Amino acid sequence: MTPPVLEVKDLRVHFLLDEGVVRAVDGVSFAVHPGQVVGIVGESGCGKTVTMKAILQIVEPPGRVVGGQILFRKDSAPPVDLTRLSPKGAAMRAIRGAEIALIPQEPMAAFSPVHTVGDQIIEALRLHERQWRPTGPRLSRHEAREMTVDLFRSVGISMPDQRVDAYSWQLSGGLRQRAMIAMALSCKPRLLIADEPTTAIDVTTQAQILNLLRDLQRRHGTAIVFITHDLGVIAQMARYVVVMYLGRVMEQGSVADIFHAPKHPYTRALLKSIPSLHVIPRTLLPTIAGSIPHPLGRPHGCPFHPRCPDAIPGVCTERVPALRPVGPQQLASCFLYHRDEAAER
Amino acid sequence: MSETATPWLLEVRHLRKSFPIRRGFSRRLVGEVRAVDDVSFTIREGETLGLVGESGCGKTTTARCILRAMTPTSGEMLFRAADGRIVDLSLLSRAELRPLRPQIQMIFQDPFGSLNPRMTIFDNVGEPLLVNGLRNRRARLERVAALLELTGLRAEYLHRFPHAFSGGQRQRIGIARALATEPRLVVADEPVSALDVSVQAQVLNLLLELQTRLSLTFLFVAHDLSVVKHISDRVAVMYVGQIVELATTEAIFRHPRHPYTAALMRAVPAPDPHTPSGDAALAGEVANPANPPPGCYFHPRCPFTTEVCRTERPFLRAIGAGHLVRCHRAEELALTGAC
Amino acid sequence: MARYVLKRLVLLPVLLFLFSVTVFAIVQAPPGDFLTTYVATLASSGSSISAEQIEALRREYGLDRPIWVQYIRWMQNVLTGNLGLSLEYQRPNAELIGERLVLTVVLALFAFAITWIVAIPAGIYSAMHPRSALDYLLTVLNYIGVATPNFMLALVLMWGAFAYFGLSITGLFSPDYVEAPWSAARGVDLLKHVWLPAVVLGVAGTARLTRVMRANLLDELNKPYVTTARAKGLPEWRLVLRYPARLALNPLVSTIGWYLPLLFSGSLIVATVMNLPNIGPLLLRALINQDMYLAGSILLIYCFLTILGTLISDILLAWLDPRIRLDEG
Amino acid sequence: MTAGPPVVAPETAEDRVSVASNWRLVWWRFRKHRLALLSAFVLLALYGVVLFPDFVSTQDPEATDARLAFIPVQRLHLFDGARLSPWVPAVAGKRNPTTLRMEWGVDGSRKTPVRFFVTGYSYRLLGIVPAHLHLLGTAAPDGRERLYLLGTDRLGRDQWSRLVHGTRTSMTIGLAAVTFSVVLGVMLGGISGYFGGVADVVIQRLIELLQSLPTIPIWLALSAALPRDWSPQQVFLAITVILSLVGWTTLGREVRGRFLALREEDFVLAAELAGASRRRIIVRHMVPTFLSHIIATSTLAIPAMIISETSLSFLGLGIRPPAISWGVLLQEAQNIQTVALAPWLLVPGLIVILSVLAFNLVGDGLRDAADPYSQ
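Protein chains in written order, with the numbering used here: chain A, -10 to 334; chain B, 135 to 473; chain C, 4 to 332; chain D, 732 to 1106.
Derived by calculation from the structure, the hints in this document are not laboratory data. Quick caveat, the model's predicted, so the values are computed rather than measured. Any given hint could turn out to be false.
[Claimed, not checked] Calculated lysine to aspartate or glutamate pairs in the EDC-like style (CA-CA distance at most 16 Å, straight line):
no.	chain 1	residue 1	chain 2	residue 2
1	C	Lys226	A	Glu49
2	C	Lys10	C	Asp317
3	D	Lys763	A	Glu8
4	A	Lys261	B	Asp406
Let the hints inform the model, and build the full structure from the sequences given.
Have a look at this one:
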């Protein structure tokens, strides 16, 4: 297998607040291989968006990456640890936008309302020009505009000539997200991070955008980290899935394993509790007891133990389980599968 | 069928609500957004009618008109009051509405904005009781405590403020408040869409249980088809201010007759990697309710459009028992549902 | 855009009419009129004036006519550019006001320029380095700046200059140029003197603007579009200047609408303290002496400047913000 | 090992927060701003002076004695040797034979002892109770030894006592004018925001009109229009009204905006659906929600009022002598030659700055704490 484009190892991002420390991301590890779509799924406060920001090194204070590695690999060159680069330095900026691009959550707010959509894409094109086109004359504004029009056409925006000069608030939600995708793809990145790209969009438009992303991914072979809380979207988009809860990875594995043979009690309960189209109407759903704890009131031991039906008293309440293999390509952090670890004191 | 035997509780006839578009200094009228455009349906006692559609389709406006949080432009909303009288909600003044308010209650979408942060849970839940005449504080305390127990909360939380609760708990408090006056009709506007996935099921289950226990009638507004399927007896699908299809949940999900309903179901991504969905996504975007297309509002996006769809506006008509659809070609199309 | 500007221009005469009525009502409000004050002044200095003479004067100035006739006469004159005769100085008001008006505007514009040149970079710096030492220093200075009435600042500066350097820092010209006709040398002399009153006048505004800029920018820095721009790999300073600073500036542009007028009229107090030859002290004197046409004219000029300031800011805002420009409203 | 009992401490802390009302949360947040808290104490002290000006004064503020003009500030020493026994150096005047002006120097040989709670000129406490107790004074009450904490002005009046009385006027006028503005602003803004329609349009236009008037000249013109023969009380009231007539617009806008936003709030709709009356919705749901904001905004509006009053009085168009305000006191400092001779005449200006600073800090602290439910 080819080496991964991105390898996150034991990443820790903490927020130092007056009230205490929020461990937003607390020991997260996963890898993304070229051309692979890795889904990160979890509920609010699970740390998926912070993980995304950490990869791009745009965590805002009071948040700080306090540990772990983010290894980014370019072709056969040795990997770069992004956490070692200065977040505002030139090396990191050369990667941001050019090598790793972002599709943000709210296409409405993600564009500046006082600059045309085209302007903002042209800027990205010209900024990283030397990286996607090492030779040739400098890109003129006119040329960049033509390329933007082409990009718009390739993401299925009708009348691209006119749309380039539009402001984001003049476009519909679907068009805005397409424009955002065009911008993310403009510099031919190696890795795309999609942060809940369809959450703010209606379901029929969501289907269009998901199709577009799938199509572009197949065509360009871009690796994607797809972040969402929607298990349906993840099942349709990802090949490999990371399930997060309160800053920790509960389970990860191939999409088939996660959906058909989930091991971690959280994954299993979550899958059972979601309403689906394939049920008899008006039946009670199995539920997960309790609610997600406040980030400052994180439970001791395994973060899921207060809601877990299978919690082992005295073990899960005391110690944090490590992420360990439970199948050929599947890992879970749960003492149920690691009795040996649970036994050692 | 026994369902037809139960009397209706609410009958909405030709409901319209339009918002004027004003421009310029003189605020002159340049058009109108027909948010709700000739909507008719009935809700029988004890049933749940799901009202589903994408954003801007008019489902929330319909709900707010029924609650008289806004006044409809035209149409009738006949409500069978507890004393057996039939009143047209659309014609009532503020003062005339007040005695009816306890009978029609609402569950809100946003668990954070719907409780007054400056009042304790007791004051929030007890308010409908207080303003409707239960002045005795002790009696109110007992009643509120019972309501909290009913919705699965501990009675000792009574004197806490909303900021002490999680989203799911607040939604339970909101439900307790809605049930305080023993309403006959409960309008739930996206009650679970702001909640985390793991909490959604809890609240849906609670609503189902309460309905059986208290024989409640629900109008359930949502954009999420799977949620609607879980809770509704019958489902109405809206598109650009109009109902395009209305039938029993079973019928509409098994055999949708309107292309939009079918497309909506197909668009929902299945939480199963072996069931690919959404491949044949609907093209185009939702029509602008300020300037809808001629003919069938759905025709620019419909894969089955013919000439008649472009020119003639279809009516909502019965096709089979209790199955209404607004499509010229409903009979000839063979659409697949979700189950 | 053109329609937007046009609409605001149409509003201008309406506003001016309303203001002229208000102003006239105010200058008419004191009991008695100029002549009563005049007579009183004469009486206190020992001389007297006969009843017939008073009547004649009253008729001459039209003070015996009904109020609305006086208003119409005044407006007729104002509209034809005739601001009337000062009762006290016995000179045409236009002549009295003329140069002083120019100096008022020059002073206000200088103060305005100083404010923006200092406040915007300071605000941007503070927002980009919150809780840094310089941010704290700027915050302290801003609080003090806002808290100091500008006449107080003027007094302290004048006292300091006088007590420690023996300098008199009043006026806008060196003694040689006070009465001189306009020339390049006089202009240079003005530039040499105008900056100090301009600084005094602008301090409070600068402090306020810095704080607003800082707060606005801090708000904007949290917006998703900044994350997008950052994810694009833009250098930080370029990113801030191009996106959030630009958006944070928009609400500030609308403050020009009240800030510029505030400078026009705020200079009144500073001018009185520092003895500057602008229309402020003239108005003060006219008000005290009930020289009503002079006071009225000056007040009307202030109103006009105020409307002009608002107009400029509205147009600038529309020009800067496409959301306003492209909304056909 | 079994699961231990939950840790007690955080649990109780959380319970405390759970049952904490809005005002308590605001107070907890406000308390964190050290400077705001300090400023609040400064303001409390100043309003203490406002309540009991004569008690704090050392001499009758109106008493003039031309022979005692321009006595400089006497430095208050707390310790006499090692003993706590406050004293001031005695002053001695000598007439300069050429300028014929009194020149004051310190008489190093004599110390004037200073005592707390001494008897002095008589006054009425809170305007009712006759009293002659004063906070500070010299030990010898026969009038030979006097205390000039802030020196004297050109008429030999004691600056400290005048400043104390000026504080009463200026601090009261700021508060009164803002109270007036709040009443006007809340009423008109409330009508505008809650009922909307024609009333809204009319009030909005009125606010726009008032806001586009040049404030300072109009203030001056209105003040100049006050009859010369009005009593100080009448003038005080009139100035208050003039200040608030222009000042209410900002508050009116704010209140209107809050009402408009609150009308859309779900919890307000919930109350409406519960069948609550309009009055109840406004009083129980809307007003408490923006009350803390209104208080913060009003606090921030007071300094502007104080500066306006001071400026007006300074120009001779506001509070008029014999009434005393900070502006009136600063009139004494209008002449630079005089200031150069007696720089202590600028002290009232420092008090203006101090009080405005304190109001701004408290207001900012309140504004930040006003919405404990944000974030």
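Inset, instruction - Tell me, in ascending order, the numbers of any earlier hints that this structure violates. - result: The structure conflicts with no hint, since it agrees with every one listed earlier.
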